[in-house]
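Each residue of the sequence shown is one higher than the one before, starting from 1 at the first, in our numbering.
If you are wondering where the hints come from, they were derived from the structure by calculation, not from laboratory data. Note that the coordinates shown come from a computational prediction; the quantities given were computed from them, not determined experimentally. Don't be surprised by glycine CBs; every beta carbon is placed ideally from N, CA and C. Heads up, a few of these hints could be off.
[To be verified] BS3-like mimics (lysine-lysine), calculated; alpha carbons at most 27 Å apart, straight line:
{"id": "1", "residue 1": "K170", "residue 2": "K152"}
{"id": "2", "residue 1": "K378", "residue 2": "K407"}
{"id": "3", "residue 1": "K290", "residue 2": "K327"}
{"id": "4", "residue 1": "K170", "residue 2": "K327"}
{"id": "5", "residue 1": "K254", "residue 2": "K324"}
{"id": "6", "residue 1": "K189", "residue 2": "K407"}
{"id": "7", "residue 1": "K189", "residue 2": "K254"}
{"id": "8", "residue 1": "K327", "residue 2": "K283"}
{"id": "9", "residue 1": "K189", "residue 2": "K290"}
{"id": "10", "residue 1": "K152", "residue 2": "K189"}
{"id": "11", "residue 1": "K407", "residue 2": "K152"}
{"id": "12", "residue 1": "K290", "residue 2": "K324"}
{"id": "13", "residue 1": "K254", "residue 2": "K170"}
[Stated by the list, open to error] Label-pair restraints from in silico Cβ distances:
{"id": "14", "residue 1": "E137", "residue 2": "Y199", "range": "27 to 35 Å"}
{"id": "15", "residue 1": "A296", "residue 2": "E137", "range": "42 to 50 Å"}
{"id": "16", "residue 1": "G487", "residue 2": "L46", "range": "38 to 46 Å"}
{"id": "17", "residue 1": "E206", "residue 2": "L268", "range": "24 to 32 Å"}
{"id": "18", "residue 1": "T399", "residue 2": "A368", "range": "38 to 46 Å"}
{"id": "19", "residue 1": "L59", "residue 2": "E94", "range": "15 to 23 Å"}
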Amino acid sequence: MASGDKKWQRPKVVFQPAVHRGMLRGVEQLVGAIRPTLGPLPRIVLYDRSLGSGRVPELLDDGGTIARRIIQIRGRDADVGAMLLRQMLWSLREEVGDGTATAAVMFEAAYREGVRYLTSGGDAMRLRTCLERGLREILSELDGMATRVEGKEALTALATTVSRDPELGKLMGEIFDIIGEYGRLEIRKGRGRHPEREYVEGMYWEGGLFSRALITDVERQRAELHNSAILMSDLEIEDPRDLIPTLTFCVREKVTDLTIIARRVSDLTIGMLLMNREKGKIKLDVIAVKTPGVSADDQRMALIDMAVLTGGRALFRAAGDTLKSMKAADLGHARRVWADRNNLGIIGGQGDPRQLREHIASLRAAHARATDADERGKLQVRIGQLLGGSATLRVGGTTETELDFNKEQATRAAGAMRGAMREGVLPGGGAALLACRPMLEARMAESEDSDQRAAYRILLAAMEAPARALLQNAGYDPSATLGRLDGLEPGHGFDVITGKVVDLRAAGILDITTVVKSAVRSAVATMAMALTTDVVVHRAKPPEALTT
């Protein structure tokens, strides 16, 4: 056990100015590990997963993941500051998938300036109010700079900037040009050195055939029906006799192909369907697939979407529905249905187009309102399924570590691309934040209140911090280079790769509006809260919980 651990075991109450000094030390340590990853010429952070275990080290260039890997740092006051920032960064990563390094350096620069002002006698609560006002003005300024991104070329340039990989960027630009903002994209590890993509026609859900014996296309290992009726349910079909009225009903209605979606279908029932197929007792091709979704809520949502898409009505156990109560209007219809062991696909659903548009519009509205990352993700998948845009991207690599790294890069890039298609893009390389400086300087010059002037000064430091870190990582003198940028036309900035001042939009150096705004909002709001933290209460810690 390290020396001094006995002190760590005792509860302790810490007051100002020790609180701010200690928290700042922790913030500086955490940001020091993240800052090198910012920009198109980043350094990589190597995380040793378990010393001496033989596990391959993890290569990281994502600020949120780096912060997540840091569980505790020495010094209890410093640890409070580091963990506060850590939580903010991980929440930001969960929300928008990127912007964590930008938020980290902004937080550090602003917090350091804020602590300096409070140490000189400033009022923390008044300063917080002024910071929050300045934040609203910055967000409004960024909204005014945003432009939409459209077309394959623009999307490719953006994807290349976000992923830092021209080959991956080219494929992602093509993919999002085809599937759109809400389209379904699965990112998997590939088997080669280069990324590959494939597209899936129609809509598909995870919920495959109940039995391999139902496969009719041996080469593609799937079953396919044409002009199929679809029975959608979360019912459990145990007794084959329960299905006989449904099959008889379909034959009477001259249905030739039937897809049964159920929570469970017994082996005896599968056997009956196969026997009827082989002996031709009824002229009806039938496949049985699992109700998509793991939880009951997921299954309910999937069935509702399918019902709107195909023009039928889903049968639910909770509503008391049974196969005996089924009516002709309950069956959905589609031009083609396919299913393999893992997925169910529907092509050409015959539902009412107007109802489908209204349903998608309601899902989009719910997506815009949602604040929980999991809920937003589920709604996005549902919208993408109903719109019919689906693709699979397989990332390349030569080692498992490289594959993990490239998959993570692609996942983050995909999230950023969706944000760009929703809220547009800004001039990149920190230029959009630098462009907020004239407004902040004007507000500071107009103000006669010392706390308000201090707030604008703090925000000015925050707006410069990302560009300074980016330039430093690329090997340039931040102060000298920023001096060259004063007075440039809007939308122009410094390209660290070519070493020239360029039109950033024309050069494809762009940032996602959603990401930049979320980074600014998280950094400033959390920093303002941290500045009003006057007391820290440390709980007692048992010896086994201590860092050794």
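Do the hints match the structure? See the list:
Taken as a hint, the K170 and K152 pair is honoured in the structure, with Cα atoms around 9 Å apart against an allowance of 27 Å. Between K378 and K407, the direct Cα distance comes to roughly 20 Å. Compliance with the 27 Å bound is thereby established for this hinted pair. This hinted pair checks out: K290 and K327 have alpha carbons roughly 21 Å apart, not beyond 27 Å. Proposed proximity of K170 and K327 is contradicted: the alpha carbons are some 49 Å apart, above 27 Å.
This hinted pair checks out: K254 and K324 have alpha carbons roughly 19 Å apart, not beyond 27 Å. The straight-line distance between the Cα atoms of K189 and K407 is roughly 7 Å, inside the 27 Å bound, and the hint therefore holds. For the suggested pair K189 and K254, the alpha carbons sit about 45 Å apart, so the restraint of at most 27 Å is broken. Proximity of K327 to K283 is assessed by CA-CA distance (about 20 Å); at most 27 Å being required, the pair is judged to hold.
Taken as a hint, the K189 and K290 pair is honoured in the structure, with Cα atoms around 26 Å apart against an allowance of 27 Å. In summary, the hint linking K152 to K189 is supported, as the alpha carbons are separated by about 24 Å, within the 27 Å threshold. With a C-alpha separation of about 22 Å, the suggested pair K407 and K152 falls inside the 27 Å cut-off, and the hint holds. Between K290 and K324, the direct Cα distance comes to roughly 20 Å. Compliance with the 27 Å bound is thereby established for this hinted pair.
Between K254 and K170 the CA atoms are separated by roughly 48 Å; this puts the pair beyond 27 Å, and the hint is violated. At roughly 44 Å, the beta-carbon separation of E137 and Y199 lies outside the given 27 to 35 Å, and the hint is violated. Between A296 and E137 the beta carbon distance is about 46 Å. The supplied range of 42 to 50 Å therefore holds. Taken as a hint, the range 38 to 46 Å holds for the pair G487 and L46, whose Cβ atoms sit roughly 41 Å apart.
Between E206 and L268, the C-beta spacing of about 26 Å keeps the proposed range 24 to 32 Å intact. Our hint of 38 to 46 Å for T399 and A368 holds, since their Cβ atoms are close to 40 Å apart. Distance hint check: the CB atoms of L59 and E94 are about 21 Å apart, consistent with the given range 15 to 23 Å.
Violation of the numbered hints given earlier is confined to hints 4, 7, 13 and 14; the remaining hints are satisfied by the structure.
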